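Colleague: Keeping their order, the protein sequence lines are chains A and B. Under the working numbering, the first residue of the first sequence carries the number 1, and numbering increases by one thereafter. Under the working numbering, the first residue of the second sequence carries the number 1, and numbering increases by one thereafter.
Simulated from the structure, these hints should not be mistaken for lab results. Everything numeric in this text was worked out from a predicted model, so none of it was measured. The C-beta atom is built at its ideal place from N, Cα and C for all residues, glycine as well. A few of these clues could be false.
Said to hold, decoys possible - If you only want the chain A side, here are some residues facing chain B, beta carbon under 10 Å, derived:
| # | residue |
| --- | --- |
| 1 | Thr46 |
| 2 | Pro54 |
| 3 | Arg56 |
| 4 | Trp57 |
| 5 | Lys58 |
| 6 | Pro60 |
| 7 | Leu190 |
| 8 | Ile196 |
| 9 | Arg355 |
| 10 | Asp432 |
| 11 | Asp434 |
| 12 | Ala459 |
| 13 | Phe478 |
| 14 | Gln480 |
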Amino acid sequence: MQLMPKPIPALHTALAVFGLAAAQVAMLPAPRSVATPQYAARAGRTCDNCHVTPDRWKNPRLVERKCTLSCQGCHVDPAGGGMRTVSGRFFGRSTLPMIATSPRPTADWDRGAPYLGRRDRATSYNSHLPYGPPTLERARTWNHPVRDRFARGVPFDGATNRYGFFQGRYGRLRADPLVRAGWDIRLATLWSGNLIAFPMQIDLPVAVHPIHHLTLFANTGARGRRSGYKDAFDDPRTPYFREVFVLLHELPFGTYGKAGRFVPSFGLRLDDHTTRTRRGFGLDGSLPSSRVTGVEWGAAPNYPFVQASYFRLTSAQRQPAAWNVFHVDAGWGAAVNAGLRHTGWGVGGSWMMRRRLTRDGGDTDAWSGYAYVNPWKYWRNFPLVAQVEYDYGNRQSPSGRTYNHSAFYGEADYMVYNGIEAVAAYDFEDPDFDIVNDHTHRIQGGLRVTPYPGVTIDARFRAFFVSTPGRGDDHDMFIQLHLWR
Amino acid sequence: MHSRLLRRSNALSALAWFLLFGVTLAFIPGMGGCGKGNLTLEQADPGAVPLDPDFKLVFDIIDRQCVPCHGAGSDSTGGDVPAQQNPGGETGVLGVGPDLSTCVLIVRNRFAIQRDVLDTRRMPPGAWPRLTSEETLTIQRWLVNGAKAPCN
Chain A
1 MQLMPKPIPA LHTALAVFGL AAAQVAMLPA PRSVATPQYA ARAGRTCDNC
51 HVTPDRWKNP RLVERKCTLS CQGCHVDPAG GGMRTVSGRF FGRSTLPMIA
101 TSPRPTADWD RGAPYLGRRD RATSYNSHLP YGPPTLERAR TWNHPVRDRF
151 ARGVPFDGAT NRYGFFQGRY GRLRADPLVR AGWDIRLATL WSGNLIAFPM
201 QIDLPVAVHP IHHLTLFANT GARGRRSGYK DAFDDPRTPY FREVFVLLHE
251 LPFGTYGKAG RFVPSFGLRL DDHTTRTRRG FGLDGSLPSS RVTGVEWGAA
301 PNYPFVQASY FRLTSAQRQP AAWNVFHVDA GWGAAVNAGL RHTGWGVGGS
351 WMMRRRLTRD GGDTDAWSGY AYVNPWKYWR NFPLVAQVEY DYGNRQSPSG
401 RTYNHSAFYG EADYMVYNGI EAVAAYDFED PDFDIVNDHT HRIQGGLRVT
451 PYPGVTIDAR FRAFFVSTPG RGDDHDMFIQ LHLWR
Chain B
1 MHSRLLRRSN ALSALAWFLL FGVTLAFIPG MGGCGKGNLT LEQADPGAVP
51 LDPDFKLVFD IIDRQCVPCH GAGSDSTGGD VPAQQNPGGE TGVLGVGPDL
101 STCVLIVRNR FAIQRDVLDT RRMPPGAWPR LTSEETLTIQ RWLVNGAKAP
151 CN
C-alpha cells in the first residue's frame, strides 16, 4: 500500500519537468482534445459522478465551493477542453465507462450492459460506500492510499489548499498534483464509397503546479494526415503549441486568470471541430489560426459562470508561429461568455469581436445563445441529455462588404447502458445571408461506446444536405477511436 | 402514495423541460433570415476574391481542405484527363484518389478538382463540410484564367 508521499525535492521535480518537456519535443506530439459539454450537463444529476461522497457532509461556504458544471470543474483549462482535473478524471473513470475504475455512482449501479453487469472492482455495490474528507482540516491529514500514475507529487507549499481539490475526495487519484501529464489521440475511419483511415490528431499536455494558485500549462499538438503524422511533422506549422499559458487559480468563487495562447471562450466548446458553430466562427479546434494570444479572466461560484478575454490576433493570411506565441499582427479581439449551469438545466450567452485590417481578415462580431436540459435529473428512468446552440454574426470580405451568417447545433444523448450512449445531432449553417443556395444541413446518429477509461469509440452515420437539390448531398459512416488520459 | 405522486411529478417535469426545449429549438434555425439569399457571390461581392487569383491562394485551399486525405501516399500517377473522359475520377492505390500535395499534382488534376469540387460538389466527401463560396470562387477564377502556377 502506498501512502501519500511527501513533497519531492526540487531537483527531482526540475528533472521530472524537464524530462516531460523533452519527451514532448522528442515525440513531436499531437492535437487538442476538446471538451464535451454534454458530459457536464449530464453530471449534474448526482454528486458522486464527480467525487466520492464525504462522510458527514457539510456544505461549504459559497466562496469555497468547487462544485460547478462550468468547464473548470473538469478541465485544467478553465475555458474547457483537453487535460482534465482530478474531478474530470474521476468522472471519466466512474461514470463514463462500461467498466469503472473509480467507484460508480450509486444511481448507475443497475445500468450495466447485458452480460457485463457489475464487473468493475472499484465499486463496492453494497452499503459500505467509499467516503472522503468533509472539511479542509480532514483533507490535510487524509492518509488513505494514493494510486495514480499520471499525477505526481504535491505543490511545494503543501498538499491541500482551501480553494483547490481536496485529497481523498476522488478515491485513489491525486487531487492536486505537482505534475500532470496526459495524452489525447484520435484515429478515424471514414467510409463514403471509399474507406479512408487517418490519424486525426495527437495532444500531449503537461501541467506543472509548483505552488498553490499557480499552474504552468503546455499542450503540444499536431494535425494528422491520412498518410500518417510524418507529413504533419514536415510541415513547419505543425506540431505547435496548441495551448500554453500561465494560470492563476484556486481563488475564491472559482476565480481565475490566465495569460498565453488559447482559444477564446465562446459558445459550447464541442469536440467535433467540423461543426459549423465552431469552424464557421473561427473556433475550429484543429486549426492553428483559431488560437489567439491574450489574457482571460473568469469565475464560477457554483452555478453561474463568466469568462472574459482580450487577445491579439494573427492575420488570416498567415498561420501563427508554431512555438512563438507572441508572434501576432495588428489585430485584436475580445470575448465574453457567461451563463448559469444548473444541475438539471443551463443557459448561456457569448459575444465576441475581432478588429483587424480588411486584408488581414476584417472585422467580425458574433453572438451565441445556448442551453441544455437534463431530464434525467428529474426522472431517473429517462437518461437523456440535450443541448442546443445558435450563433449569429457578421464578418467582412476582402472587398470590405459586411455580411451576416449563422449556425446552429443541437444534440441529444441517451445513455442506453453504462458506457454506451445513443447520439443524435443536427447542425445547420448559412455562411452568407446574401448568397443563394449556400446553406447546408447535417444530421448524425450513432453510438458512443467507452468500454474502459481512456478509450472511446464513436461510430456515426452522417448525412449531409446542401441547398442545391441534386448537387452534393451525401452521407458517410464515421468511426473514431479516441484514446485519452 | 406521496412518493408515487412525487415520481409522477418528476417525470412530468422532465417531459415538460424536454418538450419546451424541443419546440424552442425547432424555431431557431429560421431566425434572422438564414437561407433567404438570392445572389451568387459573383453578383453580391465580385471583389470578395481576386479576379485573377494567385496560385498560392488555391494551394492554401487545397492544402487545408483536400490534402489531409489527398496527401503524399495517394495516387500520384493520375491527372491531365478531361472530366468528361474520366467521369469516375482517378482512384489511387489506396482508394482515395489523386495526390494533391504539390503544385504539379494540383495542376495535373485540375479537371478532377473542377468536376468534384465545383460541378458536382461531391468533394470533400460524405458529410464533410464543403468549400465556402469564397473558396469555390477562387478556384473557379483560377481555372478560368488558365490555371497559372509556378510549376507550369
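Colleague: A separate judgement is required for each hint: does it hold in the structure or not?
Modeller: How the hints compare with the structure:
1. Thr46: 14 Å, violated
2. Pro54: 26 Å, violated
3. Arg56: 26 Å, violated
4. Trp57: 22 Å, violated
5. Lys58: 27 Å, violated
6. Pro60: Violated, because the Cβ-Cβ distance from proline 60(A) to chain B comes to roughly 27 Å (cut-off 10 Å).
7. Leu190: 6 Å, holds
8. Ile196: 5 Å, holds
9. Arg355: 20 Å, violated
10. Asp432: Aspartate 432(A) check passes; min Cβ-Cβ to chain B is 6 Å, inside 10 Å.
11. Asp434: Cβ of aspartate 434(A) sits 5 Å from chain B, so the hint holds.
12. Ala459: The hint is violated - alanine 459(A) has no Cβ within 10 Å of chain B, the shortest such distance being about 13 Å.
13. Phe478: Since chain B brings a Cβ to about 7 Å from phenylalanine 478(A), closer than 10 Å, the hint holds.
14. Gln480: This hint is violated: glutamine 480(A) lies away from chain B, its Cβ roughly 13 Å from the closest one there, beyond 10 Å.
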